[in-house]
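**Q** Heads up: the sequence lines are chains A and B, in that order. Under numbering that gives the first Met the number 0, residues 0 to 115 are what the first sequence spells out, in order. Under numbering that gives the first Met the number 0, residues 0 to 538 are what the second sequence spells out, in order.
Where hints are given, some of them may not hold.
[To be verified] The calculated BS3-like cross-link candidates involving lysine-lysine, where the alpha carbons are at most 27 Å apart (straight line), are: (1) K89(A) to K70(A); (2) K131(B) to K44(A); (3) K70(A) to K44(A); (4) K44(A) to K89(A); (5) K37(A) to K54(A); (6) K315(B) to K360(B); (7) K127(B) to K70(A); (8) K127(B) to K89(A); (9) K70(A) to K54(A); (10) K70(A) to K37(A); (11) K360(B) to K295(B); (12) K89(A) to K54(A); (13) K89(A) to K131(B); (14) K70(A) to K131(B); (15) K460(B) to K495(B).
Since the hints were made in silico from the structure, they are not lab data.
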Amino acid sequence: MTESLNVTVDRREGLAVVYTEGYINNQGGEEIARVAYKLLDEGYKVLLLNLAGTKIVNSIGISILIEIIEKMIEIGGRLGFCCLTPTIEKTFHIMGLAQYARIFPDEPAAVAGLQS
Amino acid sequence: MSPLPSPASSPSAIDGAPSGRTWEELSALARDEANDRPFLTRLLELWAAAHGAQAAALYLESGSLLELEVGAGDRDFPDEINSASPPAGLAVLPLPGGALVVAPPSAAAADEPLTLLLTAAARGSLLKRRLKEQHFQVNYRGVELEALYDVGLAVAATLDLEPLSEEILLRAVSLLDARRGALYLLEGNRYRAARTFGGEAGPEFALDAPALAAFLVDTSGGAEPPPDLLPGARHVLAVAIAIESSPRGFLAVGDKESRRGVGPFPAGDRRTLGLFANQAAIALENARLHRQALEKERLERELTLAAEIQRQILPKGAPAVAGYRLVGWNRPARQVGGDYYDLLPREDGRVSLVVGDVTGKGMPAALMVSTLHSALRLLLDRTGLGPAFLERLNSHILESSAANKFITLFLAELEPATGTLHYLNAGHNPALLLRRSGAVEELGSSGVPIGLLPGSRYQKKTVELGPGDLLCLYSDGITECASPAEEEFGMQRLVKLLAELRDRPLQDVLDAIADATVEFAAGAPQLDDETVVLLRRDG
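Generate coordinates for the entire structure from the input sequences, incorporating the hints supplied.
**A** Quick look at the structure:
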């Protein structure tokens, strides 16, 4: 297990996939936000957060993800999540993230769903 | 931030009231309920232009600080400021629930419609933010409840402590917004780290380590954690994992996160962590009970096997001896017993009769019975019945058994043709010889039990069995069989029964003895193994 979150990005045509590995807490959330806002500045309006490498997220991390979702709504973009653990998926539903961002079981389904 | 619009684009702002067109624009922006920033930004732009500010920002209260909500003008504003000490070059104009921060500092707010509108909008935005925060907290309580429910389900669904430990630790760390954590389990008299998260943790602690013990029971927050518990953590919270006040481990988390860094855990977090510790305790207890059940099952299987082996050791029937009737019977108090009997026809026509009683009951006694059986068969073939035989058997049992284990033994050898019976009694109950005349003789002990003392000596004795004489060998489980009133069955009742039934088929006599002891016990549990061997010379 690692304390810090590693974030990598795969820029594709009309969509960027952000991969996370580690704890989405304050530091991890800020790093995701930094990467996401940079992608928005680059012109990407469709973002996919692939959380396959993340097993744990806390309330600070969730609040930052909500801010990213709000930002996406503000600019008329779309954000999706994929590859969530059952625990994180349940948390996102309870916290209302699923109302404003789509959740997909895997990356191919997410890419297809977000680009349709 | 975008440059402020020129006053010309908002002419009516000069006298403080939005023009009709500007009003329509603001009204349109205000209709967006999901996002009020564009409305606030536009309003701020108008306000700044109307008040001669180069740039302005609206800050809303967030704890003891002011947090940037929107800004306007060609200048970046800090995300947070302290109203008591604003950054240089800026003026802070207080509003209810927030503040306007303007540059240059000479700009000032005025009681005119735009300022009032901005104040109301800021107030509404602040209320919305607080509502959102409360909504978030309520939802997060739901996440906590779900987490405890899920952990409860996981605890009920598996007995594997490895994944459960991880589940419990990760849930505790995330729900308490901790950066780090560790779960320790008690092994012997040491707590060992079973799972860690987010950094290094001390590998083990002594159960009675004073600093740890004090820290685990401290609810005031005054006690310091052991320095090597979560090294480098500035704030640590730990609670014991215990079952009925008996320690089984502890759960520790470190450094409570907020958007501004890390801080101490509030008092309520101890309760939440305690709930996870309780789940861990239940999981540990379940696993222990499961191991215990498996062990019991294994022991029962072994006992069943041992009982089967013992059944194989005991005679399956009595040898036919011309001119005599011979039967034997055994009823162990438990699955396996410490009583032993054997009926051995010898090559020369003689018949050996053996009844033995190992101290204790159950598996240890059964193992000694097995040893006795093997040794007895081997020695009897080599030595023949006599004092030397018992003395060698005594040495063998003494060497191969625990110090507090010994065996009482009655050995007899019948010469069927003559009715001569040689016997040795090593501390066993006296055998009963019921003569046809009605006289009863006791064939008492001629030495101490075997396996008790080294160098024990024994004496062979001889009696003659006449026609109709009945010999009864038995273990103390018969005579010491107790009634609910704790009265013993005793030798007299046995003698009376034998006397009454002496001419009946021997199997009937055995059955009568077995029934008599059950009836006498009147439902009281059988405390000792019961064994009877009967030999009668045909009359």
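**Q** If a hint holds in the structure, say so; if it does not, say that too.
**A** Against the structure, the hints come out as follows:
1. A C-alpha spacing of about 23 Å is found between K89(A) and K70(A), which places the hinted pair at or below 27 Å, so the restraint holds.
2. Distance hint between K131(B) and K44(A) is fulfilled; the C-alpha atoms sit about 25 Å from each other, no more than 27 Å.
3. At roughly 10 Å between alpha-carbon atoms, K70(A) and K44(A) fall within 27 Å of each other, so this suggested pair holds.
4. Restraint check for K44(A) and K89(A): the C-alpha separation of about 26 Å stays at or below 27 Å, so the hint holds.
5. The suggested pairing of K37(A) with K54(A) holds, with an alpha-carbon distance near 25 Å, which does not exceed 27 Å.
6. Straight-line distance between C-alpha atoms of K315(B) and K360(B) comes to about 22 Å, which keeps the hinted pair within the 27 Å bound.
7. For the hint pairing K127(B) with K70(A), the CA-to-CA distance comes to about 17 Å; that is within 27 Å, so the pair holds.
8. Distance hint between K127(B) and K89(A) is fulfilled; the C-alpha atoms sit about 26 Å from each other, no more than 27 Å.
9. For the given pair, K70(A) sits about 25 Å from K54(A) by alpha-carbon distance, which is consistent with the 27 Å threshold.
10. As the CA atoms of K70(A) and K37(A) are separated by approximately 12 Å, the hinted pair is consistent with the 27 Å bound.
11. This hinted pair checks out: K360(B) and K295(B) have alpha carbons roughly 18 Å apart, not beyond 27 Å.
12. Our distance criterion of 27 Å between C-alpha atoms is met by K89(A) and K54(A), whose separation comes to about 13 Å.
13. With a C-alpha separation of about 20 Å, the suggested pair K89(A) and K131(B) falls inside the 27 Å cut-off, and the hint holds.
14. Simply put, K70(A) and K131(B) have alpha-carbon atoms about 16 Å apart, close enough for the 27 Å limit, and the pair holds.
15. Distance restraint check for K460(B) and K495(B): the Cα-Cα separation of roughly 25 Å lies within the 27 Å cut-off, and the hinted pair is therefore satisfied.
Hint compliance for this structure: every hint is met.
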